[in-house]
Amino acid sequence: MIRTLIAFLFAALPLAAAHIPYSLSPASGPKSGGTPVLIRGAFGNFGHAVFFGGVRSPSVTLLDEHTLSAVAPAHFGDTVEVEVEIFERAVQLPAELTYTYRGDAPLEQFERLLLPIFLPPIQGAFSSEFRTYLRLSGVEMELFGLLPGSTPYPIGPFATSVPPPNGGTPGRFIYVPKDRLRTLAATLRVADTSRSAENFGTEIPIVRESEFPDDILVLHGVPTDPRFRNTLRIYAAGEGNISIHIEGESVSRNVQLRKNDPNDPFEPAYGVFTDFPFGRGELRVTLTGPSLRGPSPPIYYLPFWGFVSVTNNETQHITTITRQP
Amino acid sequence: MRKLLLLASFFFVLPLFGYTVTPASGPAAGGTEVTIDGVGGFWEYDFVYFGVVPAASTRRVDADTIIAVTPPHVPATVPVLLWEYDIFVNTAQTFTFTGEVPPAAFERLLLPIFMPPVPGAFGSEFRTELSGLNHGRDWMPIHGLKQECQCVPMYGQETLRLFPHKTLDEIGVAYEGKPGRFLYIAPDQAKDFSANLRVYDTSRAAENFGTEIPIVRASAFRTTPFALLGMPGDPRFRGTLRLYADRPTTVTVRFGNTASVVTLHGGATVLDPAYAQIGNVPGGRVIVEPDPNGAPVWGFISVTNNETQHITTITPRP
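Chains G and U are the protein sequences, given in the same order.
So in my numbering, the last one in the first sequence is 325, and the numbering has no gaps at all.
So in my numbering, the last one in the second sequence is 643, and the numbering has no gaps at all.
Just chain G, with the same shape it has in the complex (with noise of 0.2 Å):
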């Protein structure tokens, strides 16, 4: 109560505090974050928390009743504006205390990790419903790529369902902060709504970026059985080609991984293929990267990942073929 009351106090700081102006510098700085921040205004003698953009600063001093110094965390976005907490309730700051972001995109604070599949309800044959859930808790934390744009997504300790953005391609990266990511818990899967009694759906990987090869990736066991369709997806991080070679077969076929905004970091390159046999039992399928066909050294490395989803025709069951171990 005394908490909530010195809060609603100090939210009202500007109107009775007005000769103090509020002041930001400085008010840009690197997308990689790390630059220190003073910002003045009247704060009193209190804790406080600083949000640029939606982020938590990682560190804030009060140096003095007048004086805060936040360090800017790191952020995919561009102008932001800066928000001020004191027991955890926001200070109204003038808007035009922004903090300039510039730069490259933050990729070395981040890991970066996919999810294959994060699309809204899709429909399918026999009135099969398609949907996406993710399922994310950890220590408190911002991630980027769950919405639309640079804005962050803030997670806790309570799992949090996360609904999927409206159209795109299959895939989506998200970054987490590479200091919060060993407190990360999460779950993707996908389920037909229309047999939910029956079956509970598929898990997805989530596919961090150190398990892309560059090379070659061999999936196992691919069916060709006329009962069951297959879809072969691959992701990367830049557009590229993909060689595919089918057990049995004596030419590859090619897979052009593709963007529609190359300068989005959360899209993924992607290619899909579907062109399988049938009736040749089970069939391994090798993905080789530019750098396995290019000159040696090679000049081009292209990270990327796949997997093949297996669908039963008429039940709509899906299984997963992913790259292991």
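Don't take each hint at face value.
Here are the simulated distance ranges between beta carbons [what the hints assert, rightly or not]:
id: 1; chain 1: U; residue 1: P512; chain 2: G; residue 2: D64; range: 55 to 61 Å
id: 2; chain 1: G; residue 1: Y300; chain 2: U; residue 2: T419; range: 49 to 55 Å
id: 3; chain 1: U; residue 1: E632; chain 2: G; residue 2: S127; range: 30 to 36 Å
id: 4; chain 1: U; residue 1: R542; chain 2: G; residue 2: E108; range: 37 to 43 Å
id: 5; chain 1: U; residue 1: A429; chain 2: G; residue 2: Q123; range: 37 to 43 Å
id: 6; chain 1: G; residue 1: T231; chain 2: U; residue 2: E632; range: 25 to 31 Å
id: 7; chain 1: U; residue 1: T549; chain 2: G; residue 2: V272; range: 34 to 40 Å
id: 8; chain 1: U; residue 1: P560; chain 2: G; residue 2: S28; range: 22 to 28 Å
id: 9; chain 1: G; residue 1: S210; chain 2: U; residue 2: T549; range: 27 to 33 Å
What the hints contain is simulated information worked out from the structure, not anything from laboratory work.
Note that the Cβ used here is the ideal one computed from N, Cα and C, for glycine as well.
With chain G fixed as given, assemble chain U onto it according to the hints.
Chain U alone, transformed into the frame defined by chain G:
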């Protein structure tokens, strides 16, 4: 089968002369100098194998003596063999590797489900299928896999040798997990091994290709807490939490506000993971807290529909 026996006999010859092997045991880490004396003499290009694993080095001292340095090997008693040009000669002697598995000598992989066929409800029969390929240039010993065919004496061991660009399907493996199994592959060869593990209900093979089960590296085992999210509370599904470690240990498992201490009991050999399972997992989030002073732990939940027997996994991600 007949062709296989003929092929095996071509490559494998019973001893015509007496051999001695000294010493007859050494640490699993390898590095033991073993002296092999043979009255019949040795060819210049003889090479020594300990089971299906080549010696780290072989040196011909004279016509009657070879010295071989043992390779790293999981604890086991194996036959000592000579490879002469294109044929194996059995010395009729054995060597016993003792002690613990040297961690740096192998990449350890967990096959969480690796069982012979298991009958289930409603006429179901669950089978495990392991597919794998050696896409390297050298023979690959895989400790923990036994060849299904027992037609050659050395194939009775728990180490299988996978030829370059050959698959496990071509060899046939014995499924003997309880329910899981550890495999051990030399680190410089592990990158050349790719595989897939699947469980499926043979009675419903027309409707459902089964469920992929992850093959888990040792680095994925945790000494810090991890969570498994999204266990359904729907009574039409039953959940089983399965926990694995490389030695006996305890964990605390939390379902909501309830906490239980669970003991993972050790297997008979290093190939058998310490294991525990909890059935009837309630809906919601499950938190597994390994003993910080105990063994690293990995676990997952299998969610089974009580009627259709369809299985969904919930594994620790990312």
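Checked hints:
| no. | hint | result |
| --- | --- | --- |
| 1 | P512/U with D64/G: 55 to 61 Å | holds (56 Å) |
| 2 | Y300/G with T419/U: 49 to 55 Å | holds (52 Å) |
| 3 | E632/U with S127/G: 30 to 36 Å | violated (20 Å) |
| 4 | R542/U with E108/G: 37 to 43 Å | violated (25 Å) |
| 5 | A429/U with Q123/G: 37 to 43 Å | violated (53 Å) |
| 6 | T231/G with E632/U: 25 to 31 Å | holds (28 Å) |
| 7 | T549/U with V272/G: 34 to 40 Å | holds (38 Å) |
| 8 | P560/U with S28/G: 22 to 28 Å | violated (57 Å) |
| 9 | S210/G with T549/U: 27 to 33 Å | violated (19 Å) |
This entry does not satisfy hints 3, 4, 5, 8, 9, going by the numbered hints stated previously.
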